[in-house]
Structure formats: C-alpha cells, structure tokens
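**Student:** Take a look at the letters that make up each chain.
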Amino acid sequence: MIWLDVLVQGILLGGLYALFAAGLSLVFGIMRLVNLAHGDLIVFAAFAILLITATFGLNPFLAALIAAPLMFAAGWALQRFVLNRVLGKDILPPLLCTFGLSVALQNGMLEAFSADSQRLSVGPLESASIDLGPVTVGTLPLLTFASAVAAIFVLNRIFYTTALGRAFRAVSDDPTTASLMGLDPKSVFAIATGLAMVIVTLAALYLGVRANFDPSIGPARLLYAFQAVIIGGLGSLWGTLAGGAIIGVAQTFGAQINPEWQILAGHIAFLIVLLIRPRGLFPRAVD
Amino acid sequence: MHQVTTRTRASTIAGIAALALIAVGLILPAFAPRSLIQDLFFILTMLTLAQLWNLIAGFGGMVSVGQQAFVGIGAYALFAGVILWGWDPVPAILLGGLAAFLLAIPTAFFAFRLAGAYFAIGTWVIAEVTRLLIAQWKTLGGGTGTSLPREATSDIIGVEAIANLFGLRDAAARDVLAYWLALALAVATMAAIYALLRSRTGLALAAVRDNDNAAQSVGVDARRVKWLVFLAAATMTGLVGALIFMQTARISPDAGFSLTNWTAYVVFITVIGGIGRLEGPILGVLVFWGLQTAFADYGSWYLLALGLLAIATMLFAPRGLWGLIADRWGIALFPVQRRLILEGAKDG
Chain A
6 MIWLDVLVQG
16 ILLGGLYALF
26 AAGLSLVFGI
36 MRLVNLAHGD
46 LIVFAAFAIL
56 LITATFGLNP
66 FLAALIAAPL
76 MFAAGWALQR
86 FVLNRVLGKD
96 ILPPLLCTFG
106 LSVALQNGML
116 EAFSADSQRL
126 SVGPLESASI
136 DLGPVTVGTL
146 PLLTFASAVA
156 AIFVLNRIFY
166 TTALGRAFRA
176 VSDDPTTASL
186 MGLDPKSVFA
196 IATGLAMVIV
206 TLAALYLGVR
216 ANFDPSIGPA
226 RLLYAFQAVI
236 IGGLGSLWGT
246 LAGGAIIGVA
256 QTFGAQINPE
266 WQILAGHIAF
276 LIVLLIRPRG
286 LFPRAVD
Chain B
958 MHQVTTRTRA
968 STIAGIAALA
978 LIAVGLILPA
988 FAPRSLIQDL
998 FFILTMLTLA
1008 QLWNLIAGFG
1018 GMVSVGQQAF
1028 VGIGAYALFA
1038 GVILWGWDPV
1048 PAILLGGLAA
1058 FLLAIPTAFF
1068 AFRLAGAYFA
1078 IGTWVIAEVT
1088 RLLIAQWKTL
1098 GGGTGTSLPR
1108 EATSDIIGVE
1118 AIANLFGLRD
1128 AAARDVLAYW
1138 LALALAVATM
1148 AAIYALLRSR
1158 TGLALAAVRD
1168 NDNAAQSVGV
1178 DARRVKWLVF
1188 LAAATMTGLV
1198 GALIFMQTAR
1208 ISPDAGFSLT
1218 NWTAYVVFIT
1228 VIGGIGRLEG
1238 PILGVLVFWG
1248 LQTAFADYGS
1258 WYLLALGLLA
1268 IATMLFAPRG
1278 LWGLIADRWG
1288 IALFPVQRRL
1298 ILEGAKDG
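Protein chains in written order, with this note's numbering: chain A, 6 to 292; chain B, 958 to 1305.
For reference, chain A alone in the conformation it holds in the complex (with noise of 0.2 Å):
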C-alpha cells in the first residue's frame, strides 16, 4: 500500500509542478520566449505574498489576491520596458537578458529577504488530510492539484474560446499578419507575460505553504517546470500537467528508495522521455 500512497503523492506533487510550468508554456507558445528568471519570479512572488502578509495580517490566500494583479503589473511592465525591446529573430539577447534578471533578482532577494528560509502559514489547514479510503492525502496538496487543473481549464478557456485568446493564437502564428489586422503584438506579448505572472503568483502560494522557501530556490523550479513542459510535448497544457505528474511521481518513488536520490530521480525520468519521445507525450505545436 506504500506505494500507491507514494503514487498518489507524487501526482499531486505534478500540480505543484505544472502550476510552475504553465506560465513558462504560455510564455514560450506565444512569443518563443524561454524566461530563465521563471523560477526566481516564483520565488520573488512568494516573498511578495509573505510582505503582504505579514504587513496587513491577512491570510496567504487573501494575500495571494492582492499580489496577483501587482505580479501582472510587474509582468507586464518586464515585457513592455524590456523584453519587447530584445525580441527578434535571434535566440541570444532574450536569453541573456532574461538569465541577467535571474542572477539580479536572486542577488536582489538575497539583500532584501535575507537567505533565511521562510514560509507562508495558513494554519490547521497545513496538517489537515483527507481520508480516500486506500489512501489519506493532505488537503493542501488536494487543493493545489485541484487549483492546477482549474488554472488549465481556465487558461485554455481563455486561448481558444476568447478575442484575447485570439489574440495569443494570431500573433503566435505570425506577429507580422496579425498586425495588419489591427492587433499590437508588443501589448499582446505584454499582456501575455502579465497574465503568466497571475499564474506565477498562484504558484508562488503554494509553493510557500508547502514548504520552506529561500532567495536561492529560483533555478531548480525552473528546471522542474521546464521538465513538465517538454515531457508534455511544446503547446499542450493538459501534457503539462501529465509531466507535472510525471516528474513528481518520479521524484516521490527516488525519495522513498533513498532521499538524497529525489531529485536525480526527477531528472533522469525527464532524460529518459526525452531519449524515447523527444517531442514529448503530446505534442500540438510543430515548432
């Protein structure tokens, strides 16, 4: 029975994951823009989430409300002053620019925060679980797993049934043509980024009442979260969340045999779909 409990865990641990994927994928499905800030824009909206807080006394979730526009802002903001400006052809300078804010938010964080390691509380309902007959899983990890497939549900919703969705769609398929017909790629790559962020702030929460977060954490979610993307296959959200699933299983089953194994568990499941399907499980896009 131990290891349908670890099954089970290590899926709902792949919401955690592909809440951290979703904005990579949205990001990168529109514009071809791999951030590699993603992670320490995680980590910057956890402690965002932790300010507020702790300033106005509220709860995380109340919190997490209030930052959420305040990320798209920033977001948003990131992608009309910066990334706009860097965005072409050539892979090079995005990447670049996006790795300098990585290294200056990390450093940034370091000064403000502190490298303590913080966490957000949100009292019983840390310990609180739920009795599925063969199985008891905690409520927290329900619940993200639960808001991970609403954020799926939501953001496709929004992609193929709204104008904005149009949008995305038509500048992702050529910037130039959807120009023409009235659109302005650069506000649209704006809003994209913004909206990515809500998605970041989300995370951000659950990250941070899961467990302890420091300024240095940044680059591994990134790399989970980029697993998750590729397992899935580029364009395909709900694969997303199979690799989400899919990394968590894995790292669940490496830390049940040997705990220092957990995250090269991770790692190597993510190697091994990349050898046998490297286009992932469900690829959409062709790029």
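There's no promise every hint is true.
Unchecked claim - For the chain A half of the interface with chain B, some residues (derived, Cβ under 10 Å), not all of them:
#	residue
1	Val-108
2	Asn-112
3	Pro-220
4	Glu-265
In short, the hints are calculated from the structure, not lab data.
For each residue, glycine too, the CB sits at the ideal point set by N, CA and C.
Fit chain B to the known structure of chain A by using the hints.
**Tutor:** Just chain B now, with coordinates in the frame of chain A:
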C-alpha cells in the same frame, strides 16, 4: 585575378602585438610579484572559459548555461587521477579534458533534441544531473568534497626547477607553473578558435547559426559542425576546470559545478565585452577583473549590479563594449570577415 582575405592592417599590427604580449607573459614570472601572477592566472582562466562559451554561443548560436558541468567534471577527473590513481597533477589535467569530452557526448545528444531556446535549460539540467551524481561519489568526499593530498601538491613536475630558476619558494613556484599552463591554454584556445573561424568550418558554423535550413540547403552538414564545435569547447573547458582546481587544491560539488562562477560570470564577461567576436571576451575579462577587484566585497549587491549591467548591455549595446568601439572606429583586431580583393582593380 582575385583573392579572398580576412587580413587587414589592424590585424597585422594586432598579430605582432599579440606575439609580443605572449613573450612578455612568458618571462613575466622572472620579475613580477606573486600577487600579479595570481591575478593573471584568474584573468587567463576566465578569459579562456569566456572564449570557449563565446565560440559555442556567439559563433555557434548554442546558448549553453551548463558549462559548469565541464568545469566540474574536469576538476573531479583531475582529483580522481591524483587521489585514486596516484597521477602527477599536471598530466592529470589531461584526464579533465578527456572526462569533459566523454560527458559532452551524451550532453550534446540530449540537448540537441531540444528546440531553440530550450537548449539552454537542457544543458543546465545535464549539469545538475552531473553534480548530483558526483555528490554520490563517496571516495571523493561526496557532497562535502575533498582536498588534494599534501604529498601530491608538494612535488608537482617542474615546480622544483621553477623554484631554482627564479629563486622562489615552492608555493610561489606552483603559482608560476599554474600561470604558465593557464597562459598556454589561453593562447592555444584563442589561436585554435581564430584558425577555426577563418577556415571553411568557421564559415559553415556562422551559416548554421544564422540559418540552419539555408545552410543545409547549400550543403553544410549542420549537425556535424555543431557536434564538432560543442565537443571541442567542452573538452577545452574541462582542461581549464582541471587547471583551476589543481591550483585551488580543494573541490566540492557546489564549487566545481557552480553556476555563478563558471557560467554566469563567463556569460557576463562575454556579453559586456561583446559577444560573437574574439576581442569581446578580452575586453570583458579586463572590465570584469576591475569590477571584481573593486566591488567583490559587496557580495550580492555586486552580483545584482552585474546582472543589471548584462540586461542594460543587451538593451542598449547588444554587441557589447567592443561592438561600440568597432562601430565608432571600425577596428577589428582579429577579423573573421572575408573581403574580396580584385587585383588590377587599382589600374581599372
């Protein structure tokens, strides 16, 4: 009659100046203080790493953020050679190159499967996997690392000869030896890169970087060129890594596979100096060394500023400081641009 050349008057002068600089560099230990030799060791090794990253990213379009994998594996191979098999540290540096070469084969195999910019994170994953695996190697200290034994560092080949030659103590003579090796690696790396860029393969590399499909359509074997350059750069990076940690004489997975030291700094040097040209990292490493000497005590403020400087460079001067100089005065010390010279053009 015509010929194609990359030579200019500035490049001839630069070539002579480079030879003179190398000669000065060789005899420098005879009169320079030990601290200068140590600084130059740092500058030369960082310069070599930056040139190698510049080769794959700037000239080859393969933006790797996993070069720390090759520094780390090179260093660990040297430690394995010395500690486990009793090799002398100097020949053991070659083991570092070999290990990095062997690691680069699976790295390239996996990372080349990833589309565009995802290549960058792919190399990073491989570096993490390598770090985690090495941390499991208990005989070399596991996660906490290990040191070179005193017996091994006290009688390195050539140290005694250098000590006698310059009348130095052993520790200072070891610095001189490491410095000479760093100089040799830096010169060899830059000469090889320059020769490569001026060859047909260099032209093929630029073509693949600018447009993969178009290059293949005119008969360039894009895969072969990328593999060749990636493996060569990784091997050299492994040699440099082994040399750096021979000098430090102490290693841990976190130090050997440090993203900040072996990739972030290297990227900043190249970007600030000017990516995609040989002069860039040379200028960049001097700027970096100046900043490092002046501000390294500020720790994370310093890194924050470096990150912002890299963003500002990408925004306002994407071709770096040397790009600004080249635009202003049109100088290229190591030109790789082909120019057609028509003979008799002057008469007609």
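**Student:** Flag every earlier hint the structure violates by its number, smallest first.
**Tutor:** No hint contradicted; all consistent.
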